[in-house]
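> Residue numbers (our numbering), protein chains in the order written: chain A, 1 to 257; chain B, 1001 to 1285.
Hint data in this document are derived by calculation from the structure and do not stem from the laboratory.
Built from N, CA and C at the ideal position, the CB exists for glycine as well.
Be a bit skeptical, because a hint or two may be false.
[Stated by the list, open to error] Cross-link-like lysine to any residue pairs, in silico, SDA-like; alpha carbons within 20 Å at most:
no., chain 1, residue 1, chain 2, residue 2
1, A, Lys65, B, Gly1255
2, A, Lys88, B, Thr1224
3, A, Lys215, A, Ile156
4, A, Lys150, B, Pro1158
5, A, Lys150, B, Asp1043
6, A, Lys88, B, Val1042
7, A, Lys19, B, Asn1150
8, A, Lys88, B, Gly1106
9, A, Lys150, B, Val1042
10, B, Lys1119, A, Arg2
11, A, Lys150, B, Lys1119
12, A, Lys65, B, Thr1224
13, B, Lys1084, A, Val83
14, B, Lys1016, A, Arg49
15, B, Lys1016, A, Val47
16, B, Lys1016, A, Ser53
17, B, Lys1016, A, Glu196
18, B, Lys1016, A, Ser42
19, A, Lys150, B, Ala1049
20, A, Lys65, B, Asp1213
21, B, Lys1016, A, Asp46
22, A, Lys65, B, Pro1214
23, B, Lys1119, A, Met1
24, A, Lys19, B, Gln1152
[To be verified] Derived, one-sided and incomplete: chain A residues facing chain B with beta-carbon distance under 10 Å:
no., residue
25, Met8
26, Val33
27, Asn38
28, Ser40
29, Gln79
30, Leu82
31, Ala118
32, Asp123
33, Pro151
34, Arg170
35, Asp171
36, Asn182
37, Arg184
38, Asn195
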Amino acid sequence: MRSYMQSMANILNGTPPEKITKAALLDIDPDFVRVYRNNSVSAFADVLRANYSSVEALVGPEYFKALTLAYLEENPCRQRTLVGYGEKFPRMINHLTSEHNLPYLSSFAQLDHAWTLAHLAADTPSLALGTFVSSLGPNDDLLDQFLTPKPDMSLIELHWPVFDIWTKLRDGQELEETIQMNPREEKILLWRYENEVTHRALTQAEFIFLGTLFKRQPLGKASQLAQTVNPELDINQLLVGMINAQLFMAPTGDQHD
Amino acid sequence: MPQALKLPSVAGVSLKPEYYSEALNHAGTDIWYEVHPENYMVDGGPRLAWLSAFSDNYPLSFHGVGASLGGLDPFNTQHLQSLKHLIDRFQPCQVSEHATWSSFEGQYFADLLPLPRTKAVQDHMVNRIDEFQNAIGQRILIENPTNYMNTQFDLDEPDFLAEIAARAGCGLLLDVNNVFISSVNVGIDAQAYVHALPPHLVGEIHIAGFDPDPIHGEALLIDTHSSPVSEPVWDLLATALAHIGPIPVLLERDGNIPQFADLMKEHSRAQNALNFSQPRSKKAG
């Protein structure tokens, strides 16, 4: 059985069936046995297409299929669930920039991947504003407090300003114009609100604030660093907005918002 | 081996995100839903929330695609643990898998590949199913494969599968669409296949649609689950129900997902076929 499975595995990995000896498989019709290879590739392609829908919308189905085959060759699947499959796809797209000449393409892939991560992340109770306020004792300093971002939250730094176009593509809108853009940094936040993935662009100060909390630094440190780029930033307003947006985990034992 | 609460002998439907909301609001007692547990092996989020809502309201069946029951690799520990966790949490009425293999030397192919039908492979499958059932703590059904080519065989497929089931203490899941496709692709007799299965071993029937191969046309049928159930498969369902008696029937649909209302028309046809099938004991009497 091992030699049969080895032969089939070779076919599934792209060896032409004609090169497989009949000793391993009985009654091989190369055209028919190719169905297994096609089915296998289709299964992975369907998942990549679902997980990187904006990339497919930009490059079209033919080139996307070529990307799928390249990805499969580089990354034989080792997991038994295909949910979330393709985590190295953005990196591969970036490495292939000289081939597809779309330097912004990996930024779209980054956002697609972050969307999937947010969609599949663990469920954790959100910190409620009332809980947070009531947890502060009379001698507690707000600036000494630590807030833990929920696992569904991703902070993304992009080198190309693709966020608006990506949002349109994810909404199923068709692009009317050819994409022409110059490199520019964008900071994007993705997370789950009421169990649905949502996203928004962040200012540099907001990004620094959240990024500092991500590094398990206290509110005081996050505020200080954020205000170095925007001294006018209203930290209280920002914090209330972020807590109400369900970005932070409730302390263990607290009620879900 | 523990037996889960039984699926009702009515028609069920594959559960897809495209119609979660309508399916949840179906509000009938005449339906059950089937999911591939691998699609719910996630940390959290909307998928699990939906599955939780369905498990509160409808009988569920877990139809696995990732175990590689016939494979030579050891079972994937993470997969087994995730499956057991889902079974414990959602208490499906039925758990089933495929009499196929899908991984080799650690690589997973996401396809259901046929096994050589020999005595040695039978022994291998009996041991593997025993190990799998012990790991998940539940009796399973194993599904007959779709064949696109003949593999080495000493045994006809129904005899091969029935003996495995009898020895392993599992049941059979008869996919009549797979039988019909195999009858076209590799020339088996579909009617004889169904009649060769011991009725008491068959716990569920699947029906689905196929598509002709783009190159070979009707000479090579592909098990796409992307089309409505064909007339020959409806006929084979009637044959199977007459032979086996009324048991749960699943309408599978994985591609070109229609409106839920359209899917329910096919569901009604399957239920109608079930309504007119006679229990085995009555037929015997």
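> State for each hint whether it applies.
Here is what the structure says about each hint:
| no. | hint | result |
| --- | --- | --- |
| 1 | Lys65(A) - Gly1255(B) | holds, 18 Å |
| 2 | Lys88(A) - Thr1224(B) | violated, 28 Å |
| 3 | Lys215(A) - Ile156(A) | holds, 15 Å |
| 4 | Lys150(A) - Pro1158(B) | violated, 52 Å |
| 5 | Lys150(A) - Asp1043(B) | holds, 13 Å |
| 6 | Lys88(A) - Val1042(B) | holds, 18 Å |
| 7 | Lys19(A) - Asn1150(B) | holds, 18 Å |
| 8 | Lys88(A) - Gly1106(B) | holds, 19 Å |
| 9 | Lys150(A) - Val1042(B) | holds, 16 Å |
| 10 | Lys1119(B) - Arg2(A) | holds, 15 Å |
| 11 | Lys150(A) - Lys1119(B) | violated, 53 Å |
| 12 | Lys65(A) - Thr1224(B) | holds, 19 Å |
| 13 | Lys1084(B) - Val83(A) | holds, 18 Å |
| 14 | Lys1016(B) - Arg49(A) | holds, 17 Å |
| 15 | Lys1016(B) - Val47(A) | holds, 14 Å |
| 16 | Lys1016(B) - Ser53(A) | holds, 18 Å |
| 17 | Lys1016(B) - Glu196(A) | holds, 17 Å |
| 18 | Lys1016(B) - Ser42(A) | holds, 18 Å |
| 19 | Lys150(A) - Ala1049(B) | holds, 17 Å |
| 20 | Lys65(A) - Asp1213(B) | holds, 19 Å |
| 21 | Lys1016(B) - Asp46(A) | holds, 15 Å |
| 22 | Lys65(A) - Pro1214(B) | holds, 17 Å |
| 23 | Lys1119(B) - Met1(A) | holds, 12 Å |
| 24 | Lys19(A) - Gln1152(B) | holds, 18 Å |
| 25 | Met8 | holds, 6 Å |
| 26 | Val33 | holds, 5 Å |
| 27 | Asn38 | holds, 8 Å |
| 28 | Ser40 | holds, 4 Å |
| 29 | Gln79 | holds, 7 Å |
| 30 | Leu82 | holds, 6 Å |
| 31 | Ala118 | holds, 8 Å |
| 32 | Asp123 | holds, 4 Å |
| 33 | Pro151 | holds, 7 Å |
| 34 | Arg170 | violated, 15 Å |
| 35 | Asp171 | violated, 17 Å |
| 36 | Asn182 | violated, 36 Å |
| 37 | Arg184 | violated, 32 Å |
| 38 | Asn195 | holds, 5 Å |
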